[in-house]
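Engineer: Here the protein sequences come in this chain order: A and B. For the first sequence, the working numbering gives the first residue as 4, with consecutive numbering after it. For the second sequence, the working numbering gives the first residue as 7, with consecutive numbering after it.
Fair warning: there could be bad hints in the mix.
What the hints assert, rightly or not - Which residues of chain A face chain B? A partial, calculated answer using Cβ under 7 Å:
hint	residue
1	K7
2	D95
3	R98
4	T114
5	R258
6	Y260
7	Y312
For the record, the hints were derived by calculation from the structure and aren't laboratory data. Cβ coordinates follow ideal geometry from the N, Cα and C atoms, glycine included.
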Amino acid sequence: MLGKTAGSLFWMARYLERSENNARLIDAGFRIALTRSQTAAAEWKSVLVTAGVNQAFQAAHGDYSSARVIDFLLRDPANPSSILSVIRQARDNARTARTALTRETWEAVNTSWMTLVALLKRQVREDDLPDVLTTIRRQSAQVRGALNGTMLRNDGYHFALLGTYLERADNTARILDVKYYLLLPSVAHIGTSIDNVQWETILRSVSAHRAYRWLYGAEISALKIAEFLILYRQMPRSLTFCSERMENHLDELQRHYGDETEAWRMAHALVHDKLNAPIQSIFDGGLHQYVTGFLRDTAALARQVERDYRFVE
Amino acid sequence: MNSQEGETRSPYRDYCGWFEAEDVARIQHKAVQAEALFRTTGITFNVYGAVDGDERLIPFDVVPRIISAGEWRRLSRGIEQRVRALNAFLYDIYHRQEILRAGRVPTDVIAGNAAFLPMMMGLDPPGGIYTHISGTDIVRTGANEFYVLEDNARTPSGVSYMLENRETMLQMFPELFAKVAVREVSDYPINLLKSLAACAPPACGGTPTVAVLTPGIHNSAYYEHSYLADHMGAELVEGHDLRVVDGRVAMRTTQGYRAIDVLYRRVDDDFLDPLNFRPDSMLGVPGIWDVYRAGGITIANAPGTGIADDKALYSYMPDIIEFYTGEKALLPNVPTWRCSDPEHLREVLDRLPELVVKEVHGSGGYGMLVGPAASKKELAAFRAKLEANPSNYIAQPTLSLSTVPIFTKKGLAPRHVDLRPFVLMSPQGITITPGGLTRVAMTRGSLVVNSSQGGGTKDTWVLED
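Extracted from the complex, chain B is given alone in its bound form (with noise of 0.2 Å):
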């Protein structure tokens, strides 16, 4: 919140004008008043692996993260090229390939890549969408300097998360609304459903219906999944209520099975078709690949685009951008060491307890080492496992993340955060929701900000120009 020289950024100069102003002890009553309101509403996140972990709850801090007009242009021209380029690149590796022959990106990254599929080589998802709805992390380590952290292209979640922010922050403290100019984005499930319908496929007459289609209650975004059907007014549907029907996917309603034009899945693609994928998937639909092939339904993010947001891929991003928009990206990459070289593997070796390493498939903080936290023992362990898998590992410096404020019983005190806004594709354009989800590391000097790991969330606001 404050610049080097200590002086309170200028975004932030209404919103402390407010906080000195209030009383601190209300703040807190506000906080916690806050946490009740989660649970009643039951924004709750299932954590795999803890024992009686289901219901656990994301902390939330109160005091929103803010962003200045000029720098929310910024960033989302530069998140609106990269998603632009995402859609291009896989576009392209499902059908040419040309960037695999201008030897841009060398070709065992993807040959050699579980997320790759083949299946869907010269197959045209209808617009040409893939990555309908995409979310980029981005973290902050000066006053103009931005890093994008990693894509998501398969299915971002946290977006139910943005809105609640947003939704308690108004309950809780209505008045500051008044008195600083917030852009809305409240908007983002009709965008979604709008976005979503410009998709619909060859075989859609009329008005496209929409389902979204979630592994069930026991998934650790159900919460996010019913409200995202529940505000686009959708269907929220499973595997064991959709069929084909005369070559549709349709769902069985109490009056027989009605055609679904675009399926918003959160499955991920080996869960999709049993037929086609895993057999042992309950989660999805016999032959709806069939369907997807001949162009009886849309399905979002399509198949293989989780090739995109691949940790192995992401350190070509800079070439992926110039390659299909011909600019230089315009947010940058953070350097990343590819452990599958043999060079960068002894440098990362050698560097071990100042990076941090990740494993290219993991996602949720699992399995990732940050190495000015971890102990020797921890260290000497991870060692021995990218020795033994180089391939399956790329590794970072560690960035001097900035902080933002969060509300601590002593009052403000600095936290890492990260920022994944939400993107929506279609062929009428992009839209980017003003701010997005802001994860925050609640611990002192900690930078995993993954709310399996222990991290929160925070209201974060774009402020009109």
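This is chain A alone, in the form it adopts within the complex (with noise of 0.2 Å):
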């Protein structure tokens, strides 16, 4: 496969991935921006951090307002990170990796930039954004579908979910690195549980809300949070899960071009020795630091799968 099909593919899935965290992440924010006016603009400004765009929000608008912040990370061209930027360079890249793609997943890729383009043609209304926010999610469960349900499990394929993990990895790592905060002991926390709705809306940006009921009850804890996002290896958006994925597909590759890569000693890594110990020693160590870690690893994987593969010259 060429090295530069081998990126489209990873990069495809890669933004698809994102258009789903990025509706997910305005979702969150929306709710607290409508049961919480006071804490609205902290709200949609810690948002706009965790995708990473929140300077070139500044540059361009400067105030938080709700409606503001929606229309940037919806649909503004000059946000890189918007669903409408995102979902055009994910078809972008399924176009270039094109051949190496079944009918069916262009054809959903396809499908998810038309409709996407259509929907996103105005700005949204307020009342219209929940449905919105469902039919961007609904159309990335489509093309992991068709990509699932149809596609060779060769390199390209392994490309593909190498990208969507790494990507995934990578948000909730933001999440953690953003929402730090709350989760940290302080003085005023002592003795209480955490803001309810605070930690609600760290587990809705990872649809995790519910399943976190079904572990753990009532209790809602710092560690517990913490230990869920990052260690719990049954959670599809956890640090492990992603990882120990990560791992697995590269581990797939190597056996598929049969030579031991960097890359796949540097995922090792990350789920054998950094993701391998208990939270109490993470959050002891210090969780900011811990996070901002592994941001760094997994950017430095990701650069090392690129020289790996050869996905540019």
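Two chains, two frames, some hints: make the complex.
Structural biologist: Here you go:
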């Protein structure tokens, strides 16, 4: 397979995952903005920081009104991470890698793009927002279904899945990076549980507020939430789950090509060193340092994959 | 579809029987479905110069254009003769130039022509093939009158439409194919692969590796490039995927560089090699020319092939065919005035309102004048252009093109069409896919079928004997 094609599959999957993640972030932010108008601006800011576009937003707009932030995150062509920009890039990558996709997968990506372009032609009214966000997530699920149901389990498939999990791990880590202070035992919080709405936002932004309840019942603690998002192996957006999948897909690629890569060694180290620690020791060592370290590691891993498999010259 | 006497021409008999028994609303519904199908598949077309024009759909008409077995036999014989002559002409023009010595084609038509590539002189392309893939544009003016409108020997496009149109028809009207015996077109990609592989260069050891070179996803024909690569099981490469490694052109795979034997390029000559042609080209491969000269790669079509489909040469085609095949052309040319000739120019200027005038190097229907459809102002403007640079133009009479039916809201209506059959050539022979691309002028009375000018397409049926 061409290095460029491998890279396009990897990035197609990353962008599709990003579009879904951003829809989730908007959803969580919107909920807070509706219910707690006094903290709305701060919440929108943290959404923008998580999406990595706060500076771009400030340069263009300044104040964090809901309507402006939502439009920026959904449609602004100046925002490279807006849903519209991201889905366009996903489709461009899919077109570049067209020969490595099944017809079903390609058509799912293309249909997503057509649907979202039509959906986001005009500014979205706030009462339409939940529907729009549902559609975005549903489109992403359709692509995933086509990919899963029709693609050969060859190198191309593994590059796409590698991209998916790398993006997802990065997203969950960013949420933790932005919200870590809520999970720290500070003076004010001693003896009290953390702010209900705030922790719910964190869980909502990874679509796991119900799952958490099923697992831990009514016990809401910073330690448990962090454990759930970082170490819990059954949670499909936890750092451990995503990292294990990355390791697995890199393993399959090694088997496919028959040689060991540096990227695989890095993913292996991520799973077996970095994530192989009790949550208490992560807290003891500093949650924030831990998460920024993880973000650094995954970014380095992404660069290494690009080198090992010759995505670019 | 109808003969002069108003009777249904026989190839259409079975189809018409089916159509008359059908509910028009159902066909209408199918036509809408077809459009959605094309959009989902991404069979879209970028229009140059349009503001938000990327992603336009070529209109598709659900009524097939039907050609009888006998008509096709005659057509394909004529096309084969023509393509053989073109290839022989190219070999000659890049070697001893006998046809110039014999005075059958004037030297200045070649020497002063930008499509002529002096670097190809004396070079032997693998298998002696220049025109691996070509398309012959044909129009019909009467029951047994076909004319060749132009030859496409550079990088003829449209074959993916031929294939997808059939696929769409099969999906929408499966029962129709049980009633009418239509010849298959779906083996085109595999024939293309075989034909290209049969032209592998001397450096190739083992099974030839074939790749398709595209300018990239923003090119108007990108869909076709990816379609052909996909259906051949060949890699779709861009210039930045390629480099010269150990005297071979190689593509960057996840496992390092791998040599390519045959490159089906869908970029123009100028953009092939920035070292040897246009230095600003980002599309090509630096050094590919030297590999080509040394027999390290086959480039299809061969560089310099464009001289054969140059419009300045078109009018000499009957002579060219006779010169190389010793036979009269089986398919006639449209009479053509060369505006470079002062006498011809005078006549063209006199009769401008009734003529079609084309740029010698133009394609895609850009920069042409359709006299009968032009306003006084357009005519005057074109007259000025003609007088300023006459050798840039040729002119032809407006033919009374035959029409075929298309499906409109008001039922069937006649529209003008042309036909582009696709021809593959290798040392093992010539393969013509039965049918080709039928382009149709969607507006009533219009003669312009180019997709860039709003023309549409329809499925083309060649009937079994």
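Engineer: Could you run down the list of hints and mark each one as holding or not?
Structural biologist: Cross-check of the supplied hints:
1. K7: holds, 5 Å
2. D95: holds, 6 Å
3. R98: holds, 5 Å
4. T114: holds, 6 Å
5. R258: It is violated, given that the least Cβ distance between R258 of chain A and chain B is near 14 Å, above 7 Å.
6. Y260: holds, 6 Å
7. Y312: holds, 4 Å
Taken one by one, the earlier hints fail for this structure only at number 5.
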